[in-house]
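Chains A and B, in that order, are what the protein sequence lines are. Sequential numbering of the first sequence, starting at 1, is according to our numbering. Sequential numbering of the second sequence, starting at 1, is according to our numbering.
Heads up, a few of these hints could be off.
Chain copies aren't distinguished; within one or between two, either way the pair holds.
[What the hints assert, rightly or not] The calculated lysine to aspartate or glutamate pairs, modelled on EDC-like cross-linking and capped at a C-alpha distance of 20 Å, are:
no.	residue 1	residue 2
1	K24	D289
2	K84	E110
3	K95	D70
4	K5	D221
5	K185	D279
6	K95	E72
7	K185	D221
8	K54	D289
9	K406	E341
Since the hints were derived computationally from the structure, they do not count as laboratory data. Values in this document were obtained by computation on a predicted structure and should not be read as measured data.
There are 2 protein chains.
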Amino acid sequence: MKEVKIGILGFGTVGAGVVEGILKNGELMSQRTGILPSIGKIADLDIESDRGVKVDASLLTTNAFSVIDDPEIDVIVELVGGVKAAKDFVLRALKNGKPVVTANKALLAEAGRELFEASAKSGAGLYFEASVGGGIPVLRALRDGLVGNQIKSIYGILNGTCNYILTRMEREGLEFDAVLAEAQKLGYAETPPDLDIDGLDTAHKAVVLASLAYGAPVPMDAFTVEGIRGLSHREIEYADDLGYRIKLLAVIREVAGEIEMRVEPSLVPQDHLLASVHDAFNAVFVEGDVVGETLHYGRGAGRLPTASAVIGDIMEAAAGRDGGSAWLLAHKKLPIHNPQEVSIRCYLRLSLKDQPDVIAQVAHVLGKNNISIGAVMQKEQNVGEQVPVVFLTHHALEKNFVAAMKEIAALDVVDGEPVRMAIEDFE
Amino acid sequence: MKEVKIGILGFGTVGAGVVEGILKNGELMSQRTGILPSIGKIADLDIESDRGVKVDASLLTTNAFSVIDDPEIDVIVELVGGVKAAKDFVLRALKNGKPVVTANKALLAEAGRELFEASAKSGAGLYFEASVGGGIPVLRALRDGLVGNQIKSIYGILNGTCNYILTRMEREGLEFDAVLAEAQKLGYAETPPDLDIDGLDTAHKAVVLASLAYGAPVPMDAFTVEGIRGLSHREIEYADDLGYRIKLLAVIREVAGEIEMRVEPSLVPQDHLLASVHDAFNAVFVEGDVVGETLHYGRGAGRLPTASAVIGDIMEAAAGRDGGSAWLLAHKKLPIHNPQEVSIRCYLRLSLKDQPDVIAQVAHVLGKNNISIGAVMQKEQNVGEQVPVVFLTHHALEKNFVAAMKEIAALDVVDGEPVRMAIEDFE
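Chain A on its own, in the form it takes in the complex (with noise of 0.2 Å):
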């Protein structure tokens, strides 16, 4: 039986997880893989809060290098979020030779080729599964189970919080703002609620799950990022009218040989699995050139869910396993799909003027950008003086969209700001 000390950074939500998975599970996972894992030592700025878990003062401290440097420590947990500090742990720990799981997405999205290169020239692991969708292993089903496979595509609901709300927004019929207000209440979303809305821990997430498929650390502002926040209800009933559910979703995309990416809201097949991911559940549908589709679903967030993944962790480089670092090294440079150039089909929700021509006017401009309709649904209820009108398109590139809406915004039969999402078929 080989023992494993493990030394912790932050003690909050998931630290205090981590602690209570292995308090719990332990001598379980000994058996699994003779593998004994224990708490060395834990480091936080407040070693004084009750975390619910059952610790040895003796093993806390307000010093975390004490914890990286300690020669008795095996494996370092940088569990304190943010970028600067959680870096410069990190780096540490690393250069001392000791393996390190996080779960810092915005860490690895924004510093994550210093990292692995840190990772490799020391050869001590760097493990992150904890950093994508919380509890569910799709970090390990991509560079193991599916190693063998070129990755066509990749569509993930990576945000707990935003999905909660689309969730609600459709069950109950609710508007955003109303969802998020009582979602802060309750705390499945946080104060300021940016990073989470507007798309931001979506796109970390992503540039992880891309680095990972296609072996090069991907820069953030390959992501063109939109985020929910101000989502009108009318969309979500307009599109389940149509047969779609409106979804965050990250897109990762192989386009003769170039990689789109993209996260924004999107309308999915309601037949479509990820139609059926509710509530604060995350799922990432992988395609591989040689295993065809996969869906990966599970809690996204979460003090046990992403302990889970943090434990797993933990083993694997307590056993000794390669990290992956070099894999994600394997390229210098990934080639980027020009965003303007992606092919789309999209949904265009407008307000027009209650006269004869204006689906004509509109349908003229979108002819004269290369779009063709592909159906038009105008809704009895009229607003006012105005007629909500929806045109789903065929597809056409993401510039010539551009063109069209400013052309449309800009006639005198369009009332408001024109709405455009991306309609994904998973083709």
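Fit chain B to the supplied structure of chain A, relying on the hints for placement.
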């Protein structure tokens, strides 16, 4: 760069898929992992037929042992199927100290303990991701990502043929025999189809899942097994009216320290993800005590999906990673929950004579056997003199259902064979 030479036993559909995958993506895998897989030798009784992949004739042999005993071969891939010869091959390879990759669930279910003991003794790993769920990396998820979890339950749709038949019956309103005959014509079902439609193939895979989840080879007879043979379209229709779909489920569940294991057609609520698993796809729903609910979905069979899993295992074997034989031998024997004491809800469909007190008579028998009724649905259409009546029960013990069904079948007012299926609420 390390090269790993693979010896393939059995050049059938999957064997050819493995060769195709390695020829296509071997270079990519070597960039990712530093290990270059190459085909060393292939053994099959038929070395003449064209498999649609380009293989140098000098690699082919009809003598499996010449591959197993070749010191140049690093990893043996067993794809011959069946139990007897396959077992001889695997044992000999392990004895030679060569890691073995297999997709053979029947072999693992019938002879798992012997094989894992041979693996543990020789130190050569036995890898079997492809034996369950085709390309879905679900065994890895259990072993690695979820290593810190006690497994509370597993619900699996594990047989693509059955799921394909059920999907077509449901979508097209067809009867079982018609769909089966067409599936056989199209090559989606084997002739004879017994192994699939009678649930045995599902049980083989469930044995592998349960063995890994609970750390001991599970004997086949621990499972009660019922297939979908002869399922009437009426059941699918009535289940749909009540908000359910019928799936052939493997259920593995921890109940008060014992393991409940069964394979049977079951009613799944329409809004559960497993109800949205269509056609030949497979899915495994796993609940862990730390991670909560997870789902793992993909193609459960076929040339390339299965090859994806085999290739993942080859790379793992090549990296010298432990296959988990010790894990599977952690316990001598699992405590198996007495099938008669299993607590389930049931769907009962009876054909009753069209007279006033018939429902009361059935309700009386159920009540006498401690089974309470949650809902009764009497369909308007009569079938001749008979009225189809469906009862949904609350939870009751299997032995009470057995006793009640015997009494009900003997009632004068009951015509034909009563139908009983489990309802799964995933609670």
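Going down the list of hints, with the structure as the test:
1. K24 <-> D289: For K24 and D289, the Cα distance is within 20 Å only across copies (10 Å; inside one copy 40 Å).
2. K84 <-> E110: within (10 Å within a copy, 55 Å between copies)
3. K95 <-> D70: within (13 Å within a copy, 43 Å between copies)
4. K5 <-> D221: Cα proximity of K5 and D221: none, with 38 Å in one copy and 42 Å across.
5. K185 <-> D279: within (16 Å within a copy, 43 Å between copies)
6. K95 <-> E72: Answer is within: at 16 Å inside a copy they meet the 20 Å cutoff, but 39 Å across does not.
7. K185 <-> D221: Neither: 32 Å inside a copy, 52 Å across copies.
8. K54 <-> D289: Answer is between; shortest inter-copy Cα gap is 19 Å, intra-copy 48 Å.
9. K406 <-> E341: Classified as within; 17 Å inside a copy, 68 Å across copies.
Hint violations for this structure: numbers 4 and 7, all remaining hints satisfied.
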